[in-house]
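Peer 1: Protein sequence lines, in the order shown, are assigned to chains P and R. Take the first sequence: its letter number 436 is residue 436 in my numbering, and every next letter is one higher. Take the second sequence: its letter number 370 is residue 370 in my numbering, and every next letter is one higher.
None of these hints come from the bench; they were simulated from the model. Computed from a predicted structure; not experimentally measured. Glycine included, C-beta positions come from ideal geometry on N, C-alpha and C. One or more of the hints may lead you astray.
As the list claims (entries may be wrong) - Restraint-style ranges between C-beta atoms, simulated for each label pair:
1. F252(R) with D266(P): 44 to 50 Å
2. K340(P) with L128(R): 31 to 37 Å
3. Y383(R) with G456(P): 41 to 47 Å
4. Y187(R) with K340(P): 42 to 48 Å
5. V141(R) with S359(P): 44 to 50 Å
6. V361(R) with A85(P): 47 to 53 Å
7. Q366(R) with S384(P): 50 to 56 Å
8. R192(R) with S17(P): 55 to 61 Å
Stated by the list, open to error - List of simulated lysine-lysine pairs, BS3-like, C-alpha gap at most 25 Å:
9. K390(P) with K370(R)
10. K390(P) with K197(R)
11. K282(R) with K379(P)
12. K256(R) with K379(P)
13. K263(P) with K246(P)
14. K256(R) with K390(P)
15. K400(P) with K197(R)
16. K358(P) with K281(R)
17. K379(P) with K370(R)
18. K340(P) with K279(R)
19. K282(R) with K340(P)
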Amino acid sequence: MTSHTTHTDPVILEMRSITKEFPGVKALSEVSLRVKAGEIHAICGENGAGKSTLMKVLSGVYPYGSYDGDIVYQNEVQQFKDIRASEAAGIVIIHQELALIPELSIMENIFLGNEPTKRGVINWAEARLRSTELLARVGLREDPDTAIKEIGVGKQQLVEIAKSLNKSVKILILDEPTAALNESDSQHLLDLMLGLKGKGITSIIISHKLNEIEQIADSITIIRDGKAIETLDVKADGVDEDRIIKGMVGRALESRFPDHTPKIGDVFFEVKNWNVAHPQIQDRLVCKNSNFFVRRGEIVGFAGLMGAGRTELARSVFGRSYGHFVSGKVYVDGREVTLKSVHQAIDAGLGYVTEDRKSLGLNLLDDIKTTTVSANLEKISKRSVVDTNKEFEVAEQYRKSLRTKAPSVEEGVAKLSGGNQQKVVLAKWMFTDPELLILDEPTRGIDVGAKYEIYGIIQQLANQGKGVIVISSELPELLGLSDRIYTIFEGAITGVLDKEEASQESLMKLMTSARKAA
Amino acid sequence: MNALKKLFGGDTRQFGMIFALVALIVLFQWLTGGITLTPGNVINLFNGNSYILILAIGMVLVIIAGHIDLSVGSVAAFVGMVVAIAMREWHIPWFLAILLGLGLGALIGAWQGMWTAYVGIPAFIVTLAGMLIFRGAQQFVGQSNSIPVPREFQYIGAGYLPEIGPATGYNNLTLLLGLAGVAFVIYSEVRRRRTAKALGAEVSETWVSVLRLVLICAAILYATYLFATGRPGTSFPIPGLILAVMVLIYGFVSSKTVVGRHVYAVGGNRHAAELSGVKSKKINFLVMMNMSIIAGLAGMIFVARSTSAGPSDGTGWELDAIAAVFIGGAAVTGGVGTVIGSIIGGLVMAVLNNGLQLLSVGADWQSMIKGLVLLVAVAIDVYNKSQGRASIIGLMMKNFNRPSGAPGTPLQPDEVTSTKETISREA
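Produce the entire structure from the sequences given, and follow the hints as far as they go.
Peer 2: Take a look at the structure:
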């Protein structure tokens, strides 16, 4: 490990040789971490490397005694027995899945479990006063009485931070804070972190978005396979994304996209004048007069800001599984088809991999083999009786060809890492043998190495003459992968760019402006 | 412990229930001075509980799909009453009456399924309404009277396998049935091992299979002996036969057919199932309809056994069936549960009932004890789950080698999931 002595900032937190074992698995092996007071310290590593485990040890989720090693915080060895203990000491962790109660107001959430009371009665006047103050500090202009469910994810994140500020936080830990945020919300959050740093609050951030880390972090500790590989000083070492990736995967990644020469055929899938209304609000269109087509062997990108209507468009085409169908036509191989249900869509050769793997894509109670065949049970059934031998064979075959890391196909999908779960979902859809596969944020929450593999799978599908639609919030991903990119803004398709003419700037322009004269 | 676990498969919960069942039987056998395992008592136990066990089969599917059915007692009573009236007043032959009962059950099920699946009202509400509606309907059509049923009809609830063939001193058909059961168990185990080997999947050690077969076969043969040596005129009861057939059919349907898979899929994650092309409304409809058909069957068996349909038939059955299913390992949130587990759960309750009655424990104490057993059984399950992966099972396994099927890179717990779970528990 490299240590830097150029700075003389006092160390606020030191984790010394932390080892954490689960039955049969060593999740962390002698990991050490030094965080200086007032810095933003990033922790990078692939999924399953042990980042979150380390943070859980720090925050007391894994109590003192369940791990080896010492946590030295403010020059004292700490023995946190639960989250409450670490929070009392000023270490607050904000998880990717926010711990807010949707029905309660911003103010009630901020003071939840920490209500200002006077003889046992909550002093709401004081709570309101303080929450207004806290909201101003995080730059959130909302009435404290607004219900959490009425504000977006980006603002909810800010409420979480306000909540932690209320607990007089000294070290703020953010686990993938921007994973669900759009660009402008992400930027606001990052600015806020820099602002908090200016006020002396130390932050630890876990993120897969390396460009953000490069932008705000002072030091980076890289964890790989449960071991701390190195700690980089961003300014002194001149760290860039490639350098971080090299540390994370243990080798330099030549290219982030596999080589691929597209073999593009004829148009086989076309959607014309597609109009869909919001599921609850009938007179609000979420897809406005959209037209698009896909050619054989082509990877088509859908770019748009979060909420622009990308997912809505894809899901409404996929058997009307979203919203109220208003009008529009779908053509497969030049013939008009009506896809009124998901079942019909699958029969017509469509597949849809959802952006929300855990709540829409997987039954977390299932194992790999059951999941793999779940969208095409008919294929392995005779007279409606499932052939469990074939099921095993099919699942095993996909496990090998997609290199899913699991001890066997009987492993529960809930136990897999994000990348491997996504491979199982891909296997499920590949087994339906779709002509057109729609992938909604296929690499969300997936680490660099697995991303590369998933890009490879997507390109393979295209090489087999299938059409692939990729919806993504990450423009570099779309630019690297797609042969053609449609841009969507407020439910309408605002343009289409070929691979050659597309750039982050040109896409962003189309993604944020209404269609010019059609 | 590890060996025991191997013996009964990976499902510790199921293993726990089998163990509890055996322990209960042994306990009562000892406390009652050997009365529990006499032919008369075992036959009695089956006759007196078969309709609850049959209800549990339908109920487990409803619960796997993520619903509940509170109306089964009322539906059973209503169907039983209508069938009794049909035979007495309209002089319908008994076999047509059975068909009528099943048809009526299907109709009621379609009604409840429609509200649940297509209108989208929670099954709890729909069947709570059904419970009131059909209880009232039963009293309305029966005028709160007892309606006797003809002797031929009583056979399905109180009949026994007939005496056929040479006089062996045992009931021959019961013996045959027992032997068929043994043959089936051995055959399926051999087949299971062979295909697993052919596919290269994990195969348990030979001694595990053999010992398991020996234990199961011994249990079947002992039961056969008990049923075949009852007092003259009794043997394996007909309701038990109906139950056995239904366990086979529904066990198969739930685990090996497309519809069965879809029931688990809808209960496990309805949205994911829908986006995989599963017609979840249809599944919900079928599950609710099936439950009412089974409730109708249970109602008829009960009426046949008690020789008449009365106004208070079926009271509280829904709760017994639901308790059996939850003791048998199903999850309130859906997606988890097995037919055989529910039968075991039902038998635990039945043996408890029976044993306490033999010991002349009052109904007050019986009710309290049963309630506590349900609570403890589910509490153990919840505790197991809340311990997460590094749980009791993990601790028990700690001193042993890791499961042999896990070569290569060890898997680490999914970071995000476990964090979320931990947090939600903390909150």
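Peer 1: The structure should be examined with respect to each hint, and the outcome stated for every one.
Peer 2: Outcome of the hint check:
no. : hint                             : result
1   : F252(R) with D266(P): 44 to 50 Å : holds (47 Å)
2   : K340(P) with L128(R): 31 to 37 Å : holds (33 Å)
3   : Y383(R) with G456(P): 41 to 47 Å : holds (44 Å)
4   : Y187(R) with K340(P): 42 to 48 Å : holds (45 Å)
5   : V141(R) with S359(P): 44 to 50 Å : holds (46 Å)
6   : V361(R) with A85(P): 47 to 53 Å  : holds (48 Å)
7   : Q366(R) with S384(P): 50 to 56 Å : violated (43 Å)
8   : R192(R) with S17(P): 55 to 61 Å  : violated (48 Å)
9   : K390(P) with K370(R)             : violated (44 Å)
10  : K390(P) with K197(R)             : holds (14 Å)
11  : K282(R) with K379(P)             : holds (20 Å)
12  : K256(R) with K379(P)             : holds (14 Å)
13  : K263(P) with K246(P)             : violated (32 Å)
14  : K256(R) with K390(P)             : holds (12 Å)
15  : K400(P) with K197(R)             : holds (19 Å)
16  : K358(P) with K281(R)             : holds (22 Å)
17  : K379(P) with K370(R)             : violated (46 Å)
18  : K340(P) with K279(R)             : holds (12 Å)
19  : K282(R) with K340(P)             : holds (15 Å)
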